[in-house]
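K.L.:
Using the sequences and the hints given, assemble the complete structure.
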Amino acid sequence: AQTVTQSQPEMSVQEAETVTLSCTYDTSENNYYLFWYKQPPSRQMILVIRQEAYKQQNATENRFSVNFQKAAKSFSLKISDSQLGDTAMYFCAFAAPQGGSEKLVFGKGTKLTVNP
Amino acid sequence: EPEVTQTPSHQVTQMGQEVILRCVPISNHLYFYWYRQILGQKVEFLVSFYNNEISEKSEIFDDQFSVERPDGSNFTLKIRSTKLEDSAMYFCASRGMKGWAEKLFFGSGTQLSVL
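These protein sequence lines are chains P and A, in that order.
Just so you know, we're using this note's numbering here: the first sequence kicks off at 1 and counts up by one.
Just so you know, we're using this note's numbering here: the second sequence kicks off at 117 and counts up by one.
If you are wondering where the hints come from, they were derived from the structure by calculation, not from laboratory data.
Please note: incorrect hints may appear among the correct ones.
Stated by the list, open to error - In silico lysine-lysine, PhoX-like type, Cα no more than 25 angstroms apart, as pairs: (1) Lys78/P x Lys199/A; (2) Lys173/A x Lys78/P; (3) Lys111/P x Lys214/A.
To be verified - Simulated DEER-style distance windows between Cβ atoms: (4) Thr113/P x Thr121/A: 39 to 47 angstroms; (5) Tyr54/P x Met213/A: 36 to 44 angstroms; (6) Thr5/P x Ser174/A: 29 to 37 angstroms; (7) Pro116/P x Asp179/A: 47 to 55 angstroms; (8) Ser12/P x Glu184/A: 38 to 46 angstroms; (9) Thr123/A x Gln69/P: 39 to 47 angstroms; (10) Ser125/A x Gly85/P: 34 to 42 angstroms; (11) Gly188/A x Lys78/P: 40 to 48 angstroms; (12) Ser12/P x Gln157/A: 17 to 25 angstroms; (13) Arg196/A x Gln44/P: 41 to 49 angstroms; (14) Glu117/A x Gln83/P: 19 to 27 angstroms; (15) Asn30/P x Thr123/A: 37 to 45 angstroms; (16) Gln69/P x Lys194/A: 37 to 45 angstroms.
Every value quoted in this text rests on a predicted model; they were computed, and no experiment measured them.
Just so you know, even glycine gets a beta-carbon here, dropped at the ideal spot from N, CA and C.
P.N.:
Next comes the structure, spelled out in structure tokens:
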């Protein structure tokens, strides 16, 4: 079974600084997808960034980028120039369609607070 | 951007009562999902639905749960006899035919409180 581990329950960062959130996962699949979702206090799930395992290049979306280390099964999220609106829970998630599964497996989340 | 719509946003019910949570997925999507999140915990997969049948379900999705797509637009989750531990935020999600290369759209959730 696939598992996703986020080892940092809470983190804080000063506005305009850079922060990195950690995620590791465990799978025997070779083709899979990794995601970071943001959940603000409204509790809506917002996709931040996505990475296909077969792509070696790390995904980037504006101030958000990932460091995908396939051999180490690591998928960290870097937020540059942190803004107050980045304050939220961040969930790392995994999907492995080759195994025939349709589900997203989520980590327990990291609560990020951006301080003014 | 298109949206997945969920109603109601909040539902309060008595233990043992039946509840139906409603979702309107994005119109051209074909894969539909329910997830739940107990307060302070991670988001958990409940069930996936494709081609008018359940394609996958989790251990949580026992006989008390059922899903239906009654009219080609709505997608519902029914809990037959609610328990206190069913209190959670329930998220509906949908996506199109291109697999995980496509974005999975989540609704805003229904907060279910079982008293």
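K.L.:
Under the constraints set out in the numbered hints, which ones does this structure not fulfil?
P.N.:
1, 2, 3, 4, 5, 6, 10 and 13
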